Amino acid sequence: MTNDELITKLKAIIAPYVQDEKAFENLTEDTDFINDLKVNSANLVDIILDIEDEFSIRLENEDMEKMLDVKAAMLIINTKLNA
Amino acid sequence: MIKEDIIKRLPYQKPFLFVDGIDAISENGITGYYRFKEDESFYEGHFKDHPITPGVILTECMAQIGLVCLGVFLLKDELSEATKPQIALTSHQMDFYLSVLPNEKVTVISEKEVFRFKKLKCKVKMLNEKGELVCRGTISGMIKV
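Keeping their order, the protein sequence lines are chains A and B. Going by UniProt numbering, the residue at position 28 of the first sequence is 28; the numbering climbs one at a time, nothing skipped. Going by UniProt numbering, the residue at position 10 of the second sequence is 10; the numbering climbs one at a time, nothing skipped.
No lab work stands behind these hints: they were computed from the structure. These numbers come from a predicted model, not from an experiment. There could be a bad hint or two in this list.
[Unchecked claim] Partner residues aside, some chain A positions facing chain B, computed with beta carbon under 10 Å:
id: 1; residue: Asn43
id: 2; residue: Ile48
id: 3; residue: Met64
All residues carry an ideal CB built from backbone N, CA and C; glycine is no exception.
Isolated chain B, as found in the complex (with noise of 0.2 Å):
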């Protein structure tokens, strides 16, 4: 499976398609990327007069790289054009250490921690284009076809 093809299968469209692109995926782990446009609709409101991407967001583009590109990945036997694949986050842990301004475009990875009956729970990190943390954490999902 290629990775444009991964990135076509995701159930998300714009507004809240949060990947823009796959440097590299295997099956215990990916490495995706997202630029945060300025004319996002959440930096109208987050915050007033001072655009700042929220954690939520940063949260959901770790999810939709690291967990369900990687999921689909990982389901590739099983998909076909007609299948969409069932995904529901169910837990997530996360810690915060820099701001992403409008703009800035964010380096997600994910390491596979465990991948049964459904459940994918994947270590998540993202970085800024001058390689410093901007958050980690955990997360899951389930995911199916």
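Same shape as in the complex, but just chain A (with noise of 0.2 Å):
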């Protein structure tokens, strides 16, 4: 999967639980999804249940605490999907 294909998904996972839209749009690999995108811890944990049925992978503690932004988030899926 190219990195544009993978942040194409991503959005589609984010989209329902951004408070601020216009971080939305103008979303990058910098992203930060609490800081940016305004996400509650809530909805952080729901984003990422999504991203484990999106991609067929297994998420743990440690790989929660370092998805901050779209970047890591990223690193990870790309990392899962390569083991």
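Quick one: dock chain against chain with the hints and give me the complex.
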């Protein structure tokens, strides 16, 4: 999967939980889920669970702790997919 | 962990404790009850001369039994005498069918849907003493030690 394909999939997952629509429109790899998109902690868990379903992977507590921005999410997904 | 211990660990007290007892509890769900006392403070204002339990209070009762009591049970291995659970309601969706009057006892039945990464989401329903459905919905919260 290319980075663009991955970001497109991620955006579809994140969209229902975003509070700051403007930050979402301008989403880049550096976009932070909580600080930029204003996602709350429970919805961050929802995003993680939706990522698991979409990519058929299993995420652990340490992945959750690292998954603070789009870049980290992409890295973790790619690592799991290639494992 | 015995059922009385769970209630003792709840971070609520009168006039905002809406749990009298727990009938059954497991890793998958909980059944508990509360009787709305005639002198609950909100009956004075909801409504004028016509006391009916507010929907937000029914939701609170369902969250205290269905999410917080269950959450304390699920975290039992991490909790000690000195630690209190930290909780926050994060979302709920609720449909209401019948009203609850002063002195009515309600039973709350909650089934765990998800408990991962500190988020607990449950399908919860409330029944009155006749076994009729009062309200039902989904409640989510974050809970940690």
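Going through the hints against the structure:
For A/Asn43, the suggested interface contact is upheld, since its CB lies about 8 Å from the closest CB of chain B, less than 10 Å. Look at A/Ile48: its Cβ gets to within about 6 Å of chain B, closer than 10 Å, so that hint holds up. For A/Met64, the shortest C-beta to C-beta distance to chain B is roughly 5 Å, which falls under 10 Å, so the interface hint holds.
The structure agrees with every numbered hint stated previously.
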